[in-house]
Amino acid sequence: NAGVTQTPKFQVLKTGQSMTLQCAQDMNHNSMYWYRQDPGMGLRLIYYSASEGTTDKGEVPNGYNVSRLNKREFSLRLESAAPSQTSVYFCASSDGQGSFYGYTFGSGTRLTVV
Amino acid sequence: AQSVAQPEDQVNVAEGNPLTVKCTYSVSGNPYLFWYVQYPNRGLQFLLKYITGDNLVKGSYGFEAEFNKSQTSFHLKKPSALVSDSALYFCAVRAPFSGGYNKLIFGAGTRLAVHP
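Residue numbers (the working numbering), protein chains in the order written: chain A, 1 to 114; chain B, 1 to 116.
To be clear, the hints were calculated from the coordinates, so they are not data collected in a lab. Do not take every clue at face value.
Said to hold, decoys possible - Pair ranges (Cβ atoms, derived):
1. B:N17 x A:T15: 46 to 56 Å
2. B:N41 x A:S84: 33 to 43 Å
3. B:E15 x A:S80: 43 to 53 Å
4. A:R44 x B:E66: 23 to 33 Å
For each residue, glycine too, the CB sits at the ideal point set by N, CA and C.
Work the whole structure out from these sequences, hints included.
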């Protein structure tokens, strides 16, 4: 009964380094999402994938790329990390279409860029 | 465009007193409204939702929310606060997009502090 699993939980990067945040869900959900959470800013959508094979930009996509590897997995890549990308990143999934009952969230990745 | 406002950054309540965390929304069409809670260093957990039906929705941990269409509000309430209710609370509204898919738009969050 894992739900949404994110790895790693914590990461420190140097400016300019790259990394990939991994997300996997085991609920057979169609849609997956990446958010970042910053103090006083709430949750801002970075990218989303409505269904396997599709991805779209959210509110704050600059500096990020995503891959929907299969129905289960949705990864977020930082090609050249910047201090402004210091944040807590959350992955979420939902059944997307039709009856929409909200999201299931992962436990988050706390990223610090120095 | 869909939007959500949580007008209070923080709400302070004494334990045992009733609590209210406010949320107003703007949507086109029928609203799907949600409350999530985030405890320190954790992900967001679903509390309750309104999709249709009774305006008073009951959720987890004794929380409830009242949907008011005329005031476009969906305030979160609890009759008697516990110290363990101290957390960050997010209101969210469904935002449909093409192909019949959905995503959530979140408010900025309200920190609830319950004092002994």
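Here is how each hint holds up against the structure:
1. Between N17 of chain B and T15 of chain A the beta carbons are some 47 Å apart, a value that agrees with the proposed interval 46 to 56 Å.
2. Look at N41 of chain B against S84 of chain A: about 22 Å separates their beta carbons, and that is not inside 33 to 43 Å.
3. In this structure the supplied range 43 to 53 Å holds for E15 of chain B paired with S80 of chain A, their Cβ-Cβ distance being about 48 Å.
4. Range check, R44 of chain A to E66 of chain B: about 28 Å between beta-carbon atoms, so the 23 to 33 Å window is met.
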